[in-house]
Amino acid sequence: MPSVHREDGGESCFPFGSSRVQILHFPISWSKSAGRKPRLGQLDALSQDFDCCAMLCEIKTSYQEYLSDHVSTEMKQGDSAAQEASWSWERYLKEQKAVAAPVELFSKDQSFPEHENGFQIGMRLEGIDPRHPSVFCVLSVAEVCGYRLRLHFDGYLSCYDFWTNAGSPDIHPVGWCEKTKHKLHIPKGYRKDKFVWMDYLKACKLQNAPKKLFRNRSSNGPMPKEFQVGMKLEAVDRKNPSLVCVATIADIVEDRLLVHFDNWDDSYDYWCDVNSPYVQPVGWCQENGRTLIAPQGYPDPENFSWTEYLEATQTNAVPAKVFKMRLPHGFLPNMKLEVVDKRNPRLIRVATITDVDDQRVKVHFDGWDHKYDYWVEADSPDIHPVRWCDVTGHPLEVPHRANDVKILPGQAVCPTPGCRGIGHIRGPRYSGHHSAFGCPYSDMNLKKEATLLDRLREQTQANLESDSSHSKLENLCSLKFNGKHEKVNSQPR
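Under the working numbering, think of the first position of the sequence shown as 3, with each following residue one higher.
By construction, these hints were calculated from the structure, which means they are not laboratory data. Among the hints, erroneous ones may be present.
[Stated by the list, open to error] Simulated restraints on C-beta separations:
no., residue 1, residue 2, range
1, 292, 88, 27 to 35 Å
2, 371, 313, 52 to 60 Å
3, 327, 376, 21 to 29 Å
4, 393, 313, 49 to 57 Å
5, 356, 192, 46 to 54 Å
6, 240, 180, 26 to 34 Å
7, 207, 161, 19 to 27 Å
The beta-carbon is built from N, C-alpha and C at its ideal position, and this holds for glycine as well.
From just these sequences and the hints, can you work out the full model?
If you want it as structure tokens, here you go:
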């Protein structure tokens, strides 16, 4: 049975006499390691942790609702494990007369990990906010499943939690921001000038994640010195891949650079390596007959001039000679693989590639309707070779068949075909659902982004800029073209 260690940190409230009593529930962990049981001391520490850091889920109104969401979900996960035990990739590939995507097509971040996942629930670390890639935050491990982690923003509700791999380059040990001179977005309720990591850990009786658990990326080689923060280039907008835009290197960490689109907010930013097909030298669009999208507010954008822009912003372009063309990704239609379901990111499903383009693959989840197909980047850390789940100890959602779902008398069942009631459109605050309203796959929710809520949305633009690591670049990225400051545009493109 795949190992899954869970901590929902769920909070239920129910009437007790004339008062309302709040109870923290910690579901029992289960593991394929023989004799492994949760320790009471661990639960006590976790209780203190949540108490100290105010990391509580949204209050549920009844104990019955808690049981409905959590206990039934555990039963559904048990059914999944039973199905998985009777299913094998070898037999499935033979039945489908299909081929697995060759392992050599997957990057180091996608392929089989070299080390086991040593992270434990409650450990503290620093990492990037997926919705704001320039922001580094105080994080805690809320759940461990195979080689994956569910990470929690200290001081915020669990609806903002997100999943990542244990070897992700987006996570760092405690103290990394101070060492590398990056701003750390501290837990809500703490003053920036008063927050000290060691004091925080000691006061709340917390444990920091050991440095040895974080992947060393030095083997990838150093960043070429020609790439420097503040330099300009042309970059593909990953949220709108048909657009190539004026961009700036906002940050450099080890072998990766942070792309920022001039005069747009940091929600469009992304990290990539120097050989990514998404970044190109200044003048690439003109040479290849592509339209270059000028910065928001640029006068006469149809006649954008790099020479004039570089002079107006007093910046330099990355030398064209340092860009190296990455080989084509090599994925082909009909190849099989394992893919994290973006609508329900706690799950990894059996999938088939149905189409490809230069930088992306279109995936179809076997046994599901094609309306759930979507495009994913070929270098996404959410795609893996077949048997990745088996090797890392992560449950695999095998293709759905109508007779697979066992319904108990009186059991509430999600009406969406193929859905077993795991996950919720509102994110990790609920672990399960039993109606179309909460189902990530129902027609009413199909076009909604069930991925991550934006916890910084309600903060002022000034706060956001002060928390962003690229704020030091506002003179380079957010200038009017007469040299005066211009407000960064935060509207959709």
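Going down the list of hints, with the structure as the test:
no., hint, verdict
1, 292 to 88: 27 to 35 Å, "violated, 51 Å"
2, 371 to 313: 52 to 60 Å, "holds, 54 Å"
3, 327 to 376: 21 to 29 Å, "holds, 27 Å"
4, 393 to 313: 49 to 57 Å, "holds, 54 Å"
5, 356 to 192: 46 to 54 Å, "holds, 47 Å"
6, 240 to 180: 26 to 34 Å, "holds, 30 Å"
7, 207 to 161: 19 to 27 Å, "holds, 25 Å"
Checked against the numbered hints given earlier, the structure breaks only hint 1 and satisfies all the rest.
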